[in-house]
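S.K.: Listed here are the chains, written in short residue letters.
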Amino acid sequence: MSEPLLKVRDLKIGATVYPPGEKPHDIEIVHGVSFDLMPGKVLGLIGESGAGKSTIGLSSMAYGRGGVKITGGEVWVNGRDILKSKLSDIRKLRGGEVTYVSQSAAASFNPAKTIMEQVIEASVEQGKFSRKVAEDRARNLFAKLGLPDPDNIGARYPHQVSGGQLQRCMTALALCPEPDLVVFDEPTTALDVTTQIDVLMAIKEAIRDTGVAALYITHDLAVVAQVSDDIMVLRHGETVEYGTVDQIINNPQEEYTQALVSVRSIEHEEKAPTEEPVLSVRNITARYQGTKFDVLHNVNVDLYPGQTLAVVGESGSGKSTLARVITGLLPPREGEIYFNGRTLTPDFKHRSREDLRELQMIYQMADVAMNPRQTVGTIIGRPLEFYFGLRGSEKRKRIIELLDEIELGESFMDRYPAELSGGQKQRVCIARALAAKPKMIICDEVTSALDPLVADGILKLLLNLQKIEDVAYLFITHDLATVRAISDNIAVMYKGKVQRYGGKTQVLSPPFDDYTDLLLSSVPEMKLGWLEEVIANRKMESAGN
Amino acid sequence: MKNIPVSALIGLFFTALYFLGAIFAPLLAPYGMAEVVGDVWEPSSADYWLGTDNIGRDLLSRMIYGGRTTIFIATMATVISFTTGAILGIFAAVSGGWVDQLLSRFVDLIMSIPTLIFALVVLSVTPVTVPMLILVMGLLDSTRVFRLARAVAVDIEVMDYVEAARLRGEKTAWIIFREILPNALSPLVAEMGLRFIFMVLFVSTLSFLGLGVQPPEADWGGIVKENKDGIVYGIPAALIPAFAIATLAISVNLVADWVLNRTTSLKGGRG
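Line by line, the protein sequences are chains A and B. Under my numbering, residues -7 to 537 are what the first sequence spells out, in order. Under my numbering, residues 628 to 898 are what the second sequence spells out, in order.
FYI, nobody ran anything at the bench for these hints, they're computed from the structure. There may be inaccurate statements among the hints.
Result set (BS3-like, lysine-lysine): computed pairs, CA atoms no more than 27 Å apart in a straight line [as the list claims (entries may be wrong)]: (1) A:Lys136 <-> A:Lys33; (2) A:Lys(-1) <-> A:Lys196; (3) A:Lys61 <-> A:Lys4; (4) A:Lys387 <-> B:Lys798; (5) A:Lys78 <-> A:Lys(-1); (6) A:Lys76 <-> A:Lys4; (7) A:Lys389 <-> B:Lys798; (8) A:Lys120 <-> A:Lys78; (9) A:Lys389 <-> A:Lys452; (10) A:Lys4 <-> A:Lys78; (11) A:Lys341 <-> B:Lys798; (12) A:Lys429 <-> B:Lys798.
Model the full structure from these sequences, guided by the hints.
M.R.: Below is the structure:
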């Protein structure tokens, strides 16, 4: 058996933390991780945020990001321990033998230079290829990665291509110097599902054709199952489980891995439309001030009391704009909204306090949805005080009730948002919305910034609260698994129009329109060979047409 | 309050020294403020530690009383400039639209006239009293604070928690004082240190030009003016208040820098 290309032994990584009110001190964030990567193989590193997966990935370039130090262990690349190498040797390694693809291509490309210049930069700088050879290689790679007009796309600037294309350009950039190892750090996380599938396929084919080895870092087990040979599950800087894809997906040993594999297994029975809808959106057309382009065209949806309407679509489909129109932040150009049987005033400034109270909102980023200078008690207590005039012990009692409902408890009352985890923050935001005793809550991508297991907990909580409080949710999301888990009705949005609308079972069953079909089939499934299947199906369909 | 850097300690020490000197001036000064006790421009001696001034008053006593006036005026003017500037600035950011335009363009208009010349014109047509001086200085300087407060508040104003407060139906006053101001405080406090120094320089300049504190009241700028002719004869009396202004400026700055570092490193945490 040949030597592994990358051999990591007992890797330890530390960082200095600066907790408020305490002395800065060093902590260890990766505790002795070991693995091997054979030439031409792909290892998936998976774990939630803070698991240390990116940090481990970067250590294969002997790099510690932002104050992170590699404190112990060995990293062997091509038979050399790079942690003991001189800086000048490491410089040859980076961008030569080992290259990197980051999560946000948009933030990684220099907007002032053409794509070609940046793709060939490393090869030319390292003296690996002449400019001409490097450009030929780049054009070949563009073609291989399925970019349109591969001969000329290099002359464009980063803003002149789409997000998915730019991510493929970045892959070309990483492959251009003929590296032995590429580190992919969440390369598809920022993309829409329909774009993700193409990029994923392009990456997979490029890896296969060039015979390069890769570390593939992601938090999405279904994605990593499509591209890697082995998977390592990480948590809190330690290896939870390390095995072949087949073993991890089909026969996980550890409890944590099992939870990851079976995530989103929430069952929710669809409820039939009852009585009068609590919210009716009628013929809404809207555009942003100063633009000449309608972002919503003639939208009609209904939300029934105590039920959930999921509004699903990719970025730019107008789903968040719909939320802004309903909340009154963006008065529509045409159309009307009925709430509780009354016509809702377009501008929230002119709405009655009752209307404001009965329509609450939960935001995607819980971090910025709470004032960092207010305690949890103040944040939840304010709506109680504002809408119901509760004061003193009465208010305190109600706050504690709400904290219990969101499964946090009284001890959280005096904490500041900075002292909460991501999931806890979102729970506090839910409590703030519930404090107003609303008829309806708009949930704008409330779980997309959270790790899968945490998101699962939030969804379960929301479903539970719906039963207790009989509140209706307008649930905006791009994630179809979430939609399946919680909705009663679904509206699929595409380019500002409602493409498909109805009960959950009806919307998710064939016959589909083209867009819904594309969207549904693009959601990664937790099974081996899913990617090939989908691509093969699509090719057959287009051949048939 | 642990881990205060040495520079901030030095700053705190001298700032405290000057402020205590200002507060306890009558107890500390060996002679009266306007009391003629010796000859003109006597050198320093055991009786007169810093010597005497251009008409034979004890310079140390005048420095202590002068510091009191200068620091008092500068502090009051800073308070006025901050309350007006910060509240109007945040108000403009929160209101947006024509309110913002009106206030901002008015501030631009005022700022387009050099502050010193504007102050000289105003003070030459109004009676030069201490309250008048404080008011003119405070209002003119509030334009700078307005710009800063507005810039900071515009960033905070787009945060989801402010939107949440608006959607709750909160009044503008709550949004300004409860949602935005606490989060805008750290840059404003740091700016306050700087503005205080500019106020000290401003009042000293005005006094030097004869439109600030009127004799026989002492202030540092005035002392420089009274003793400036001595420099030609090698008499250092005019340099002493200049030195005091410089050290006060530096020490307040050191403190302000530290406050800024401390509060911004706690982004999102308790400050």
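S.K.: Honestly, which of those hints from before does the structure not fit?
M.R.: none
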